[in-house]
Every structure is written in structure tokens, then in C-alpha cells.
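Visitor: Residue strings, one per chain:
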Amino acid sequence: MSGTIQDYAVIVNNVLKHIAPKVAPEVKSEYLDFMHKVEDNQRIYSDTGVTGLGMAEIIPDGGVGSSDAPIQGYSKNYTQMHFTKKVRLTFQSNFFLFESAAAKIKGTVKSKVLEGKNSIELAKNYLAQCLLSQGFGTSFTWQPINNVGTPTPISTLGADAVAYWSVSHPREDGGPVWGNVIIDGATPSPQFTYSALLAARRQQSLKKDGRGMPLMSQLDTLIVRAGSTSAQFAKTIKGTIDKGLAPQQTNLFNNAPATDTFTCVELSPFENQGMTGLQWGMMDSKMKNADYGFLYIESLATRAEPAVVDTLGNQDLVMNFNSLATFGASDLRGWMWSAGDGTTT
Amino acid sequence: MLQDSSSRHISSAISAPAGDTVLIARDLATPAWNYIHEIVGDLSAAGSMQIIAIDSDSTETILGTFELADGQGLTLQDITGQAGRPRFEFNPDQNAVMRTVGGTFTGTMARSIRN
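Respectively, the protein sequence lines represent chains A and B.
Take the first sequence: its position 324, counted from the start at 1, is 333 in the working numbering, and no numbers get skipped.
Take the second sequence: its position 6, counted from the start at 1, is 19 in the working numbering, and no numbers get skipped.
Calculated from the structure, these hints are not laboratory results.
Glycine included, each C-beta is placed from N, C-alpha and C at the ideal position.
A couple of the hints might just be wrong.
Pairwise CB distance ranges (calculated) [as the list claims (entries may be wrong)]:
{"id": "1", "chain 1": "B", "residue 1": "Val114", "chain 2": "A", "residue 2": "Ala33", "range": "30 to 38 Å"}
{"id": "2", "chain 1": "A", "residue 1": "Pro223", "chain 2": "B", "residue 2": "Thr78", "range": "39 to 47 Å"}
{"id": "3", "chain 1": "B", "residue 1": "Thr74", "chain 2": "A", "residue 2": "Met64", "range": "37 to 45 Å"}
{"id": "4", "chain 1": "A", "residue 1": "Thr13", "chain 2": "B", "residue 2": "Val35", "range": "52 to 60 Å"}
{"id": "5", "chain 1": "A", "residue 1": "Gly248", "chain 2": "B", "residue 2": "Val114", "range": "33 to 41 Å"}
{"id": "6", "chain 1": "A", "residue 1": "Pro162", "chain 2": "B", "residue 2": "Ser69", "range": "26 to 34 Å"}
Chain A stretches covered by chain B per the calculated footprint, using a threshold of three residues with CB under 8 Å from any CB of chain B [what the hints assert, rightly or not]:
{"id": "7", "segment": "75–83"}
{"id": "8", "segment": "198–210"}
Full structure from sequences and hints, please.
Guide: Structure below.
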């Protein structure tokens, strides 16, 4: 849309008034809480895995040991995407709202209502969160909330060509498949409880590297939607654990010592294609790096382009904000995830 | 200390004649787990009562079977020490169903929602 003077009829009339901005508070780049940032100025970023050696063997005297060598793993390409926000105001709108000596909108409010960088950070936060919430499928169509802009197809495949959250990720050496869907007892994708926390950690402890050797990874970061029952209950459990106590359980002693604590990352409640209140997951923060986990690959940080006047056309004021970046994951061994619905695998 | 958390408990009456009675229906538009913390009541004639979770694809999971004499009372409550954990739990895709044979089960239940 472009803002014509009729769109601001109440603001620009001859009555003094308080102009109250209706915008969300400052936007934090929350995707960096669970994604590793890669600064890469190429249009396409590629990564390929490679395993180490398998376990050694014992041979009899005079015997010949078998040979071993690292195995080439899986590859993935990440192509940069163009995030943009264009603002367009007609000549009169710009003059009477911002430029006139009697301008109705002061600088402090102007900076809030025309903050295109926030728009781009919100798009990135939302897309990053959608990768988590939509990761049981192999792709989804991403649509900015409020339907400004065109739908964009997004892949949710890891380098192994399997959906991010799956019970059957292949292993580089052809060994047993591994999963990163939380299963508590016989219930896949449980809601967040203390027993589900223990189940996720037990599953994570059984993960192997590309040659079947113990990965020795521990889940220490919980991802939930801010304000959800899961998020609030997680704080209760974390507070109990931090006091050195385990939440009460019939097969534990009263006031039993706690399991390890965790940090809680709360993501904005975008809803729509973003996280439901029931979804939750955990990751090993030591595996938030260029080798494992989600990547945020940036070629151009968010840039405010110089404001220009459309002098050949209708003299609208046009402002553009741009960023070149992409999101994705190759190897989610460091993660466990739950749809929270008791059924999804 | 809590094992789980949920909304506040809501009481409602149960009147389940012979056959299937949906105690709590799934609502996939606003997905939530349904918890039943307590069931109290009796059967009007000798027979049986079952608590069953039925998925949208009609898969049945029987959570409890109780053989009751005429007028025999039954009380089912949360397990002590599992604070907040429900006696019966239904995932967002499941209906909570009471199936009775032989009589009408009349009583009350306390339920809550986890979403």
C-alpha cells in the first residue's frame, strides 16, 4: 500500500492531539538464541560432513589389522534470500505528517512507526521459528503475517534429505537410524513435563557420531513459546531444579537431588505457522556451531537504503530496507523436538 | 511440587447410559490435552464401565475397565505423589469416552485442560 493524505485524515486535521504509536516493543534478534551465525558473502553457502575413524580392534600376534578411513557425509547448499520492506508515502502525507513546521508526527514517534529494520527482524524471527514448528514436514509455504508480500516455499530438509524432526535420520556409516523426536514412554511428542524432560535427555544421551561412537551430548537449553503453559511450567521445574530439588515423583525419595538444570529460551508468540503453546524442544548449546544445529547465514546485514523521491512519477517518498540472509540446518543431532500433541513423529 | 500443570479443574456431571458416551470431545481447532483428575459415581445395574481414548481415526486405547455390581460406587482420583498429573490423559486428537454395559453410570468428574 502507499499512504495517501486521505489515509491520515484524522491525524492531519487542524486539531492538536497526542499521536500514540501502536507498535510492538523493540525487536530482538531471537533467532540468534538458537542459531549459529555464519557471515558468508557468497550467494550459495555449502557444507559437507565427514566422519572420524571407527573404534580400533585387537588382533592376534602376527595378524593384520583391518583398514579404516573417514567417510564423506551429507552435503547441503544454502541460497541467500532477499528480505525487504518498502515504505511509500505520497507527497502531501510526507509533508504534513513529518516535514511541515506544524508536522503532526514528531521525530521520536516517526522513528517508531517507520522502523523498517524491525520489520525485517520480525520476518527473520518468524521464519526461524517456523523452521522449528514446521520441521516435521519436508517443506512449507511461508507467508508473512498480515499477508503483505508473496508466499515463499521453504525446505525443511537436513543435509541427509530427511525432515528436520524425524525418527529415522540415516547415519553416515550406514548404521542404525537415529531420531530427534521426543518419545516419553510410549507417547511420541509429549507435552512438556518433568518426565518428558528426563525422556528427552535419555534419548539424547544415546545419540552416536557418524561411526557409531557415543556423541556425549547433553540437552541444556529449552525452547518454548513465551507465556505458554509449557513456558511457565518450565520455569517452575527449572526453579525447583535450581534449588537442588527434584519435582516430586512417587518413585523418588522426598526432597531428592535434582537432575541438571537448563536455560529457557522463550520465542515470540507469532502463532499462525509459528510455534503452538504445546510445542517444545531442547538443544545442546555446545552443538550450536557451524558443524551442527541451525544456521543463520548472512551476506548483507539489514540496511536502510537512502530515502528517495519518485521524481519521474507521482513524487511519492519511498524508503527501502534490505537484507540478504538464509536459514536452515544440516545436522540436528544436537536437538530433540516435540510437537506436544502426543501423536506426531 | 508439581509433576505437571494445567488449567483450573472443572466439575461436570456424568450420565452415561449403556453404550458410548463422549465425556470430552476433541477440539482440533484449539489443540489441547484433556486431563481427567477424578471420576466418582455408580452403575445403576450390574455391568461394566470402561474409560477409552478414541483417536480421530477410531483407534481405541482402553485406559481402564471396571466390573461393578448393582449400585456399587467407584472413585478414581489422581495418583498420590504425582501432583498435577491426571488419572486419565487424552492427547489433542482423542475423545474421552465412557463405555458402559448393563446400566447407566451416574456421577461426576473433575477435568482440566493443558494447552
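Visitor: Each hint: holds or not?
Guide: Tested hints:
1. B:Val114 / A:Ala33: 30 to 38 Å: Because 56 Å falls outside the window, the suggested range is violated.
2. A:Pro223 / B:Thr78: 39 to 47 Å: With a Cβ separation near 43 Å, Pro223 (chain A) and Thr78 (chain B) satisfy 39 to 47 Å, so the hint holds.
3. B:Thr74 / A:Met64: 37 to 45 Å: Check passed, 42 Å falls within 37 to 45 Å.
4. A:Thr13 / B:Val35: 52 to 60 Å: holds, 55 Å
5. A:Gly248 / B:Val114: 33 to 41 Å: About 47 Å separates the Cβ atoms of Gly248 (chain A) and Val114 (chain B), which means 33 to 41 Å is violated.
6. A:Pro162 / B:Ser69: 26 to 34 Å: holds, 28 Å
7. 75–83: violated (count 0)
8. 198–210: holds (count 4)
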